[in-house]
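K.L.:
Chains as they are written, first to last, in the working numbering: chain A, 229 to 603; chain B, 33 to 541.
No lab work stands behind these hints: they were computed from the structure.
Ideal placement from N, C-alpha and C gives every residue a C-beta, glycine not left out.
Accuracy of the hints is not assured; some may be wrong.
To be verified - With a straight-line Cα cutoff of 20 Å, these simulated SDA-like cross-link-like pairs (lysine to any residue) come out: (1) A:Lys495 with B:Gly406; (2) A:Lys471 with B:Ile397; (3) B:Lys485 with B:Glu283; (4) B:Lys296 with B:Phe314; (5) B:Lys478 with B:Arg423; (6) B:Lys296 with B:Gln358; (7) A:Lys498 with B:Ala52; (8) A:Lys471 with B:Gln412; (9) A:Lys495 with B:Asp399; (10) A:Lys471 with A:Ala292; (11) A:Lys498 with B:Lys485; (12) A:Lys498 with B:Lys368.
What the hints assert, rightly or not - What follows is a list of derived Cβ distance ranges for each label pair: (13) A:Tyr468 with B:Glu93: 51 to 61 Å; (14) B:Ala62 with A:Gln345: 23 to 33 Å; (15) A:Leu583 with B:Phe47: 43 to 53 Å.
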Amino acid sequence: MFKTIKASQLQLLAMIAALLLILVFFSIATEGAFISPRNISNLIRQTAIVGILAIGMVFVIISAEIDLSVGSMMGLLGGIAAILDVWFHFPLILSIVITMFAGLVLGLFNGWWIAYQKVPSFIVTLAGMLAFRGILVGLTDGVTVAPTSSSLAIIGQSYLPSGWGMSVIALLCLGLVARVFSRRQARQKHGVVNHAAKFEYGKALIAVMALLSLLAILENYRGIPTPIFIMGVLILVATYIAKRTAFGRRVYAIGGNIEAARMSGVKVEKTKMLVFGFNGVMVAVAALILTSRLGAGSPAAGNMAELDAIAACVIGGTSLAGGIGTVLGAIMGALIMASLDNGMSMLDVPTFWQLIVKGAILLLAVWLDVKTKKQ
Amino acid sequence: MKQKLLDMRGIVKSFSGVRALNGVDIRLDAGEVLSLCGENGSGKSTLMKVLSGVWPYGSYEGRIFFAGQEIKATSIRDTEAQGIVIIHQELALVKELTVMENIFLGNELGHAWRINEESMYRQTLALLSRVNLSIAPDTLVSELGVGQQQLVEIAKALNKDVKMLILDEPTSSLTNQEIQILLDIVRSLKEQGIACIYISHKLDEVLALSDWVCVIRDGDHIATRAAAALTQNDIISMMVGREMDQLFPREEHEIGEVILRVNKAFARLSGASRPQVDGVNFELRKGEILGIAGLIGSGRTELMQCLFGSYPGEYSVDIELAGQSQVIRSQQAALKAGIAMVPEDRKRHGIVPIMGVGRNMTLPILDKYQTWFGAINEQQEHQDIERYLERLKVKTASADLAIKHLSGGNQQKAIIAKCLLTHPNILILDEPTRGIDVGAKYEIYKLMYALVKDGVSIIMVSSELPEVIGISDRVLVMHEGRLKGQFEHQGLTQEMIMNCAIKEGVSNV
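For reference, chain A alone in the conformation it holds in the complex:
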């Protein structure tokens, strides 16, 4: 038992350590500019898009599939949002609803081919990667759709009013502690062995401190960026789905052993299709943020974003063989990638070096994982 707990905790600790290492390194290298409130705010805003993509992707990978169409799909959905806004002047809410619905449909479309028609996900989504980009270029005639309205800008460019941010974080902290408390109570009631109180509350305390200091830094600049708020909500929802719902449990089971899941009466096809549908919705959210941030729908938007999302998941400890992975891990992976991007840009590292370093980090992360699992 201790072996398994240690392994997963070790992984989380390793990621936190890596993140701290990156933080310290770039802070020194940039003489503190890296940890200025303005840059931290920037950095986590950059994380939002890849992070949200990673939330959808992590479910796909846990179910032992892959989605290569994410980048093109984000471009297409972002393009749709821009077209609705710029060409047709749809109200913001309507644009959001239509874009999210389109995301759901595209995701389910992928999922249908994969789950029911048994075409390998690699192929289905490779086809999607080409076709979605093609549709986008066709729709926009290859030109940028701009400028988007000021209302659309809210999604990606605004900040939560300072009072709001404060109360959101406070609620979150309270919720965290309450959850630990209620779980311990329930365990005690049913005679399940609890971990040491110090250990569990200690962990919660560290999380609370981290959240509060993040809040302090962000409030020092302009407040909590709306995209980060959205990502935060999605993290909570997705973690809930993964850890607490029957659906989440079934996704893990399918990735762990699809035949055994089938024998246990799990509706494998339906579950898989829903996973891709959920992924599509996540892509739509990311697309809305992207279009809003750029203030335009660009035919090249989201190019190669699927690889960032996959890399984030894998660095975050998700197993491509399926059955293993967490939402929080994937977010950490996205944060590590974004920190590297951001830090290297600040140091004026040439783009080609940035790509090489990111590739090397990906390789290193998975190599370490393979090594530690073997032992």
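Using the hints provided, position chain B relative to the given structure of chain A.
P.N.:
Using the frame of chain A, we list chain B on its own:
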């Protein structure tokens, strides 16, 4: 004494303390055929794996001499180089390649830059004529029938300058005509001085073909006799001759009315010529333990898959459950109808290895725990898990431990717990005690009786005859997809079942 071609002396092989082979000797001369007989799991395959180098030198005790030299093989390549070739039940040809390419796979003629197609073609023709196969060398293997593929395998072996051929159940999926061809080939190879070890359940073939018959039972070498002096009944009694011990805690229980009627069960893999289940009818009573015996490949598992909606090919079956006709086309439907199944292949179909023991158990019934927003009521789930872990005496450090860390017996108990959590009326157990230690076996038997006393009906498929006889109330015997016999447990002997399962044309139905 003259040196024999093959001389295996005192072979002992253990798997984590359990002896699979217990001092087996085999001696065989060039140009002789020796048949290896024994029940499933008696150690035949293990012995052949030792001989062919799958289990390398040092992992077993005893010595093997071949053509005057001691063999210390580290892999199957070493023994092939010496001229020992094994042809497995599952054919190892690459279907997308031609006959010629398969025969020369891995030792193509010519040199690194150019393959000498012409001489390979000529050589293939010669090899094919040796096995009486009149097909073009550039035929794709996928276009051949199973029997022809078997012959191609033999041709491939001949190409390697084989001195001894091991055939593992070569005729189990062949038609009678194909069997005759194969037997003729073996005889002609024998005349060419090639030795052959022949493993088969089909005793008529064994007697028709061999010079020697060697019987193994529970890893022990029972006897090697000249085939000419043996009858089928002699071999069967040597194969099953063990004492029935007190392993089986039979308990009296009441058997009620018929709860399940299965009619006209039929199943065939798409593209196969022979159905795996062919018109089977049977009944199951409330509180009854129905044993299903038969050789591997007789269609037992496939019949169960028809009932559970998990057969991979096309199938049809009329099922009447408690007087109502039921259509079961999926596992969900089966579970809903109150049928649960513990699958034969635990690793592949039973467990999600990296998931916790408890989570494996509740997988089929997650809906039951759903509260608001699809959340699982983990406390309620946990109570169920603890109750069933206790009831089935599953030994695990915690319910959260990944199930792959448990022993086979405990994994099996957890899978049975998973089935019981669905509260089935009918429980199908496919090889429930395979690879499980004696203690766990006993507990599973005990549990089966406790279940039937609660009114659950059990269908148990098993290759272990003592188990079938010791546990079941009634036994069905299957043979080549058909029901061949039906017995009450009173007075039933292993010989009766084996006779029914092996001998052609005998029927007690």
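K.L.:
Of the numbered hints stated earlier in the document, which are not met by this structure?
P.N.:
Numbers 7, 11, 14 - these are the hints that the structure violates, sorted from lowest upward.
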